[in-house]
Every structure is written in structure tokens, then in C-alpha cells.
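**Q** Below, each chain spelled out in residue letters.
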Amino acid sequence: MSVSQAAADFPRLAYRRARARAGWGLAVLAFVLVAAPLLDILGLVAARGASAISPRLFTTVTNGISGGLLNAIVGTFVLSGGALVLGVPVGVGAGIYLAEFGSGPFGTVVRFLSDVLTGVPSIVLGYFSYITMVIGLGWQFSALAGAITLALMIVPYIARLTELSLRQLPVSLRESAYALGAPAHTVVFRIVFPIATPGVLTGVLLALAISVGETAPLIYTAGWSNYLWNGRLTHEPIGYLTYVVWSFINQPFASAHALAFAAAFLVVLVVLAINIAARLFLLGHRAV
Amino acid sequence: MRTSLFRTGLIGLTGIIPGILFAVIIFLALYSWPAIRFNGAGFLIRQMWSLGNLYANPVTIGATEVPIGAHYGILVFIVGTLATSALALLIAVPVSIGVAIFLAEGAPPRLRPLLSLIVDLLAVVPSVVYGLWGIAVLAPLVAHVIAPALGAVLGFIPFFAGGSPTGFGLLSSSLVLTLMVVPIITTTIYSALQQVLAPDKEAAYALGAMKLEMAVGVMLPAVRGSIIGAAILGLGRALGETMAVLMVSGGAINYLPTTITSPISTMASFIVSQLDSAEQDPTGMAVRSLAEIALVLFVITIVVNGIARMITRGLHVSLAGRG
Amino acid sequence: MQKEAREMLLRRTVLLGAAGGAAASALALVSRTALAANITLLETGSTLLYPLFNLWVPKYTAKNPGVRITTTSSGSGTGIAQAISGVAQIGASDAYMSDPQMKRNPDILNIPLAISAQTVNYNVPGLNKTNLKFSGPVLAGIYSGKITRWDDPAIAKLNPGVSLPTRVITPVHRTDGSGDTFIFSQYLAFSTPAWAKSVGYGTTISWPPVHGGIGAIGNPGMVEASGHTPFSIAYIGVSFHAQVAEAGLGTALLENRAGNFVLPTPKTVGAAAAAIEAKTPPDERISLIFAPGADSYPIINYEYAIVSTKQANPHVAAVLRDFLSWAVGPEGGNAPEFLDAVRFLPLPAKIAALSKQQIAKIR
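Chains as they are written, first to last, in numbering that gives the first Met the number 0: chain A, 0 to 287; chain B, 0 to 322; chain C, 0 to 362.
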């Protein structure tokens with residue numbers, strides 16, 4: 000349909016305009032339906048946690064039902080950081096393979112199994128780690144068991160999201176590089192990866208968000224500690240924010256509830272901070 | 000030589016994923032083997048689940064020691080899992096596409112980073128917080144507004160009739176799952192939409208397409224693969240989610256849902272809710288049966304993924320044929 | 000599985016402990032002074048006991064700076080399992096271990112720490128200020144779907160003169176494994192033979208399908224679900240009294256074994272505890288549910304510490320003994336300053352003495 004034809008055909012144009020307006024209306028409505036619950040949740044969390052937010056939260060450890068959350072904040076960074084250190088190389092590596100060389104049967108099978116792995120309930124991975132690492136290897140509740148469990152959870156997400164973002168790039172880009180005689184690793188790291196970085200980063204951040212928000216698998220692997228992490232990877236339980244959210248809400252004290260919501264607020268804040276930092280880093284990188 | 004080293008390295012990293020999966024499957028299979036033998040195929044089609052009397056001396060049935068009255072059937076949880084995930088995806092996929100198009104083409108460019116951050120944040124909210132919000136806000140909303148409205152409009156279909164006194168159940172669980180799945184699907188589609196090449200878009204405009212017509216007619220088909228991949232990822236999250244669903248599902252046991260607001264239980268949430276008591280079973284059969292549920296969930300995930308792939312392959316072919 | 004794991008764990012910890020022990024005994028004698036050495040205890044289990052441990056630990060560790068105690072809320076079953084496997088030193092449980100479990104794990108102690116109770120609450124607009132009366136058989140009827148409306152003759156008979164609405168009852172139960180389900184279902188089982196035969200009791204039970212009935216998570220989940228749902232009924236741990244009041248729920252008068260209807264007060268809970276006191280065996284595994292006596296409140300229980308007699312090393316054992324002895328003492332953990340906040344009652348003197356005898360076995 001050409002412009003002149005449309006202009007001549009007024010009722011048809013009016014119909015198309017109405018259709019477009021309705022379409023945008025639906026798109027905006029979809030966004031509102033998604034954004035409204037989030038704002039409501041954040042409002043709820045902020046309102047109920049506000050009374051517990053104070054500098055002490057960041058300077059002292061949990062003491063019974065009061066005190067601060069320093070141990071949990073540090074623990075969340077350690078566990079999520081550990082999960083990323085373990086999970087990103089594997090996930091991104093697998094994602095690159097699937098996108099660049101994964102058209103054969105091996106790639107198809109891995110892609111399929113990776114999607115199956117995302118459907119494994121986190122508690123099953125937690126119990127798996129509990130039996131194999133906490134008890135089997137005798138690590139007891141520990142940062143390592145917790146971080147590995149989280150890594151198991153996030154690897155398939157990182158792999159598939161990396162793959163999807165690499166695949167989105169036009170084939171011509173790769174073909175021209177290969178035509179110039181560039182080896183595969185050069186094509187991947189110099190050509191494809193830099194362009195796909197925002198997408199890959201989005202995937203990693205999404206996986207991080209998922210790992211920071213988990214409770215169930217960590218109760219069986221990281222345990223929980225009221226004290227600051229002492230740096231031991233095994234034989235020492237470690238705290239984390241979502242534990243506070245889950246178990247402090249189940250106590251009959253108002254101070255515990257405030258602390259629980261403050262912890263929930265912090266979880267969101269921590270990931271938000273990482274998100275924004277990563278985006279700024281990316282912007283800076285692009286400018287250069 | 001370096002090329003092959005590079006590829007070998009990638010294959011090594013990639014191989015870790017099936018490695019993890021097989022380790023977990025073998026662990027579950029070995030661990031649940033006594034339960035598989037004891038429960039037989041009826042495990043999948045029985046509606047009743049009972050840990051039995053954990054405080055009396057166990058009895059020996061066949062060669063297996065189990066608590067008196069122990070009876071493991073998971074049909075209710077299979078149905079709950081499939082129903083919540085299907086309903087959640089049914090809502091989440093169109094919503095995500097709408098949001099992604101809005102973000103990519105509709106929203107003012109300067110606002111886009113902020114708006115897409117809002118969507119990302121949905122993934123950050125801990126699942127327990129979704130549960131708390133579900134209990135405090137969503138369930139009452141379903142009970143007093145959404146369920147009555149659905150009943151008034153679609154009440155002639157029995158599935159939508161009946162209302163819900165509590166709001167805890169299938170619909171609330173699916174809505175919570177929808178919120179948890181939307182960021183995964185939206186983010187993936189949105190970042191794919193951003194990669195659509197300008198010449199393709201310009202070609203559509205040159206033909207006189209409006210912005211939305213261009214987005215729907217050119218951009219969406221271009222990112223079809225990403226939409227499908229994202230939906231499958233979202234499906235995985237929905238099938239495996241535990242805490243949030245547990246808190247708003249109404250924890251149905253021993254009966255099947257009859258309406259969209261009936262209480263349900265999903266397999267993942269049921270495992271969490273029973274694990275603590277199961278650990279008190281001196282024969283260990285309860286925990287092993289829970290491991291068997293996890294194994295069945297694996298099989299279901301594999302089957303559902305397979306079906307999703309078959310459908311989408313058909314879609315690819317038909318779209319290609321049309322194009 | 001658990002036993003093997005535990006042995007493996009023991010072997011490892013014994014090695015570690017031997018090394019640590021040698022170092023520690025070079026510094027101090029194994030006695031009260033050993034508490035000054037750095038010892039970490041892990042407590043995990045019951046969500047109902049968790050708040051009390053959270054009140055205890057800061058006070059106790061302030062007095063014993065060398066001791067660190069981590070408290071974890073994971074569920075009674077998990078507490079028992081992890082005390083058996085040796086991952087945790089103290090497993091907190093609302094329920095005592097069963098006979099078959101004891102047979103497999105003879106080294107495990109069930110040590111009562113305090114007494115808790117449970118209320119049955121309802122949300123019937125207009126009647127929440129009246130204390131409606133319920134009996135075990137009526138509650139069993141409601142939770143098995145035989146009594147479906149508030150004006151059912153069985154409820155009306157217990158509450159003469161009250162105008163009950165013709166509304167469908169929504170029974171709310173716990174979905175997660177819970178000591179509250181254990182003691183509630185035990186009350187139904189002990190008072191209603193039909194319930195004992197068809198459903199029985201446990202921390203999780205196979206709830207009969209009741210149209211409109213729902214499951215909720217945790218005591219706060221029970222309060223919220225019941226508070227948002229008119230014409231519902233729920234059972235809630237007495238620690239959550241303030242939340243129940245805030246939600247405006249009614250509290251039921253429950254029929255005891257003597258046929259009287261009672262509320263949980265220090266007097267009625269104490270009467271029930273006193274009635275069972277003499278019957279409590281040395282291993283202290285006994286139910287306090289549906290106790291005899293005119294004033295006895297029917298749903299109370301001992302809250303237990305599940306502890307292995309065989310600890311990794313003598314220092315850990317010494318700290319455990321000291322902490323638990325302090326916890327059950329009327330000047331220590333059983334003082335009103337701790338128990339009042341969670342509305343628990345102290346152990347009777349004779350029971351505290353039995354607990355101390357058991358604590359002395361920890362080595």
C-alpha cells in the first residue's frame with residue numbers, strides 16, 4: 000500500500016489510524032499492568048521497612064530480632080558475586096558456542112537441556128547440594144555450597160540469554176569478518192561480542208537478579224549466620240538478605256517485620272545499584 | 000590451531016550444562032529409586048497424597064518399609080503445575096510483546112532506559128515479597144473484584160463461575176507467575192527489537208506503514224526466534240517457581256481444581272511445603288517420593304519443552320512459506 | 000543415608016575437633032572457663048521457637064563473649080534432621096521425635112525448653128467479640144467437610160442464644176509443615192475417634208478435601224488469610240496473639256477433656272501442664288494435648304531442643320550444656336522477660352529438673 004493510495008482512501012486511513020491508536024493503547028495498557036504492581040510492591044516494601052532503615056542497618060550485624068543487616072548484606076554480595084564468578088564464564092561461554100557453532104546436534108541438545116534446567120525448582124537444586132556438598136563432602140553450611148547452588152541456577156539463564164542476543168546480530172556481520180580471513184575467536188571477541196554486549200549484560204543482570212532473590216535453596220546450603228562472614232569458604236554458614244525477608248516476617252514482633260521489609264528493600268536497592276552501574280559503565284564504554 | 004583450541008574450550012564450557020543436568024537427574028533417580036518401585040505408575044494418576052502415620056511403627060509392604068497409611072499420588076500437583084504455567088504464559092506473552100513494542104518504538108526515547116529499568120526491576124523482587132504482596136493485595140483483589148467480574152462476564156462457562164471467597168488459588172498464582180515471567184520475556188524481546196536493522200524499518204516506512212504497523216509487521220517477525228526462546232525461558236521459570244506460588248496457591252491437596260479460582264498446588268511448591276515434615280519419616284520414603292516428584296517435573300519440563308519446540312518449528316515453516 | 004552422613008561428618012569433625020581441642024585446652028581448662036574459647040553453635044528448626052531463641056541469644060552471648068550462637072528458622076522437621084546429621088547442634092522442634100525415629104537414633108535427646116499453646120480463631124463479622132464455643136468433634140467436622148455452614152446444628156448446640164449466619168465456613172490450614180498442625184490435629188485425633196482413624200496427626204497431614212477450604216503459609220499467613228476472608232476459621236500459635244487482635248479475629252473457647260470450655264490463660268495452660276507433669280517420662284517425649292482436669296486448656300505443648308548426646312568435642316558439649324541449662328532455668332531463659340514476649344509459659348520445676356538431667360548427658 001503506498002502513501003498516495005492511502006491518502007486517497009480516507010475511510011481506510013481513518014480505520015488504520017484508529018487501529019494504530021488502539022494498538023498503542025493496548026501496548027501502554029500492557030506496560031501499566033506490569034508497572035503498577037511493581038510500584039505497589041515497592042511502595043509496600045518501602046512503607047513497611049522505612050522504620051528500620053537507619054545507618055545502623057549497614058554497620059551492625061543481626062542481633063536476635065533487631066540490630067543491623069551488615070552480615071546479610073555482605074553475605075548477599077559474597078553469594079551472588081561467587082555465583083557470578085562461577086556462572087558467567089560457563090554461561091557466556093556456552094552462549095557463544097550455541098550462537099556461533101551450535102547449529103549441530105550437540106548444540107540442539109544443549110539448548111534443549113539448558114531450557115529444561117531452568118525449570119528445575121530451586122529447592123531441588125538446594126536439596127541436591129545439601130546431600131552432595133553440605134553432607135556428602137562434609138562442607139557443612141557454607142558460602143561455597145550456597146554460591147555453587149546459585150551458579151547452577153543462573154548458568155542456563157546466562158547461556159540462553161547470551162545466545163539469544165548474539166543470534167540477533169545479522170549473519171552478514173560474521174560472514175564479512177570470516178571472508179577477511181579472521182579466525183573464529185577474533186570474530187567472536189572483536190566483532191560479535193562488543194556489539195552484543197548490552198544484550199549479554201542484560202542477561203547476566205537478569206540472572207543476578209534471580210540469584211539475589213532466592214531463599215529456598217540457600218536455607219539448605221548457605222544456612223544462615225548472625226555473624227559477619229569470616230572469609231572461610233566451607234564449614235562456616237553465611238547470612239543473606241532474603242533469609243531475613245522470609246524468616247523475620249514469620250516472627251510475632253513489629254521490629255522483626257520492619258527489618259524484613261528493610262531487607263526486601265535492600266535486595267531491590269542492591270540490584271538496582273548494580274544495574275545502573277553496569278549501564279553507566281556500558282555507556283562510558285560506548286562513548287570511547 | 001588456535002581456532003580449534005578456542006572451540007574446544009567453548010565446547011568444554013558448554014558441556015558443563017548437560018553435565019549439571021545429568022548429575023541432578025542421576026542423583027534424583029538414585030535417590031528416588033525405592034519410591035519409584037514402591038509407588039509404581041499409579042503415582043502419576045492418583046489424587047490422594049498422605050505421608051501416613053509417622054508416629055507409629057512402619058509396616059513392610061512387599062520388601063519396602065513405609066509408614067502406615069502412606070499413599071503417594073500426585074495428579075493434583077501435575078494438574079496445578081500445568082494449569083498455572085499455561086495460564087501465566089497465556090497472559091505474559093502478549094503482555095510482554097506489548098510492553099516490548101511500547102519500549103522499543105512507543106515510549107519517548109529519553110524515557111526508555113527508565114521504563115525498561117522498571118521492567119527489569121520486576122525480576123529483582125524476591126519471590127517471598129511477591130508472595131507477601133500476593134497475600135496482602137492480590138488475593139483480596141481477586142476475591143472481591145477480579146473473580147466476581149470474571150463470573151459476571153464469563154459465568155456461563157462453568158470454569159469461570161463460582162467466585163472465590165479467599166482469592167487464594169489458580170488465578171492468583173498465575174498472576175504472580177505472570178509478573179515474575181514478564182521481565183524475562185520482555186527484556187529478551189526488547190533487546191532483540193533494538194537489533195532490528197534500520198534499513199528494514201525504513202523499507203516499511205517507505206511503503207507507507209505507520210509506526211505500529213511497521214513494529215508489528217516488520218520488527219516482530221524479525222525477532223520471532225527471540226520471542227519463542229524467551230517464552231520457553233519464561234515457561235521454565237514458571238514451572239519451577241516455589242515460594243511465591245506456595246503463598247497464594249491455597250495449597251490444595253487431595254482434590255482437583257474445578258474453576259479458575261480453585262485452590263491448587265504446583266509440584267515445585269508442594270515439594271517445598273512437604274520437605275520439612277517428610278524429613279521426619281523414619282523410613283525415608285516421604286523424602287524419596289518428593290525426589291520422585293522432582294524427577295517427574297523434569298520429565299514434564301522435557302515434554303513441554305519438546306512440544307513447544309515442535310509447535311514453533313511448525314510456525315517457522317508456515318511463516319517462511321507465507322513470506 | 001542420614002546415619003552414614005552423620006558418621007562421616009563425625010569422623011571429620013572429630014579430627015578437626017581434636018586439633019581445635021588440643022589448642023583450646025592449652026589455653027584453658029575444660030570447665031566454665033572453656034566458654035571463653037571461641038565456640039560457634041548452630042540452632043535451626045521450629046519457626047515457633049525461633050523468636051524465643053532470638054530473644055535468648057543476644058542476652059546469653061552478651062554474658063558469654065566467647066560463644067557465638069546462630070539461630071535459624073527452617074522448620075521443625077529440618078531441625079530434627081539436622082541435629083541428627085550433626086550439621087546443627089540444636090534442632091528446635093514443636094513436636095517430640097516419634098518412637099521409630101528414636102529407635103534409629105538412640106543418641107538423640109528431646110529436651111523441653113518451654114510451654115506453648117495455640118488458639119483457634121475465626122472471622123465471623125459481628126461475632127468476633129463473642130468467644131464462640133467449639134469442641135474437638137465440631138472442629139473435626141469442619142475440617143473434614145461434614146460441617147459446612149456456621150449455623151450447623153452442631154455449632155448452634157454449643158452456642159445457644161447466639162445467632163449464627165447461614166454462611167459457608169472457610170477452614171484455613173497450614174500448607175507448610177508445622178508444629179501448629181501437629182498439635183491441632185492431635186487435639187482433633189485425641190477428642191474425635193473418627194478423625195484419629197481417617198486422618199490422624201502430624202506436622203503435615205493429608206487434609207480431607209473441603210470445598211472452599213484453603214492452605215496458608217506460616218502463622219502470619221494464617222492471620223492474613225483469615226483476616227481477609229469473612230466466615231473463615233484458623234488455628235494460630237499463641238505467640239501471634241497481637242496480630243490476631245489487630246486482624247480483629249475472634250478467639251474460640253475450646254472444650255477440654257472434662258467438658259468445660261476454656262480460653263488459653265496462664266491459669267488454664269498451667270493447669271494442663273500440671274496435669275501431665277507427673278506423667279512426663281525421663282525422656283520427656285509426651286503430648287500435653289487434651290489433658291485431664293477441669294480447667295486444663297486442651298492445645299498446649301512442650302517446645303523441644305533436639306540435641307545429640309555425642310558432640311564433636313568436649314568444648315562444644317560444655318557450651319551446649321551451659322546454654323541449655325541457662326535456657327530452662329527460671330532465672331535464665333525461662334524468666335518472664337523472655338517468655339512473656341512470645342506468650343510462652345515456663346516449665347514446671349519438676350520438668351525443668353528432668354530437662355537438666357537430660358542436658359547433663361550431652362558429651
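One or more hints might be untrue.
[To be verified] Output of the computed footprint for chain B on chain C, the stretches with three or more beta carbons under 8 Å from beta carbons of chain B:
(1) 112 to 126
(2) 201 to 207
(3) 249 to 255
[Claimed, not checked] Calculated Cβ distances over 12 Å to all of chain C for the following chain B residues:
(4) 20
(5) 63
(6) 69
(7) 127
(8) 167
(9) 227
(10) 246
(11) 275
(12) 285
(13) 312
For the record, the hints were derived by calculation from the structure and aren't laboratory data. We treat Cβ as the ideally placed atom computed from N, Cα and C, and that holds for glycine.
**Q** Now, for every hint given, state plainly whether the structure supports it.
**A** Quick rundown of the hints versus the structure:
| no. | hint | verdict |
| --- | --- | --- |
| 1 | 112 to 126 | violated (count 0) |
| 2 | 201 to 207 | holds (count 7) |
| 3 | 249 to 255 | violated (count 0) |
| 4 | 20 | 23 Å, holds |
| 5 | 63 | 15 Å, holds |
| 6 | 69 | 10 Å, violated |
| 7 | 127 | 10 Å, violated |
| 8 | 167 | 5 Å, violated |
| 9 | 227 | 35 Å, holds |
| 10 | 246 | 5 Å, violated |
| 11 | 275 | 3 Å, violated |
| 12 | 285 | 9 Å, violated |
| 13 | 312 | 39 Å, holds |
The structure fails hints 1, 3, 6, 7, 8, 10, 11 and 12 (numbered hints given earlier, in ascending order).
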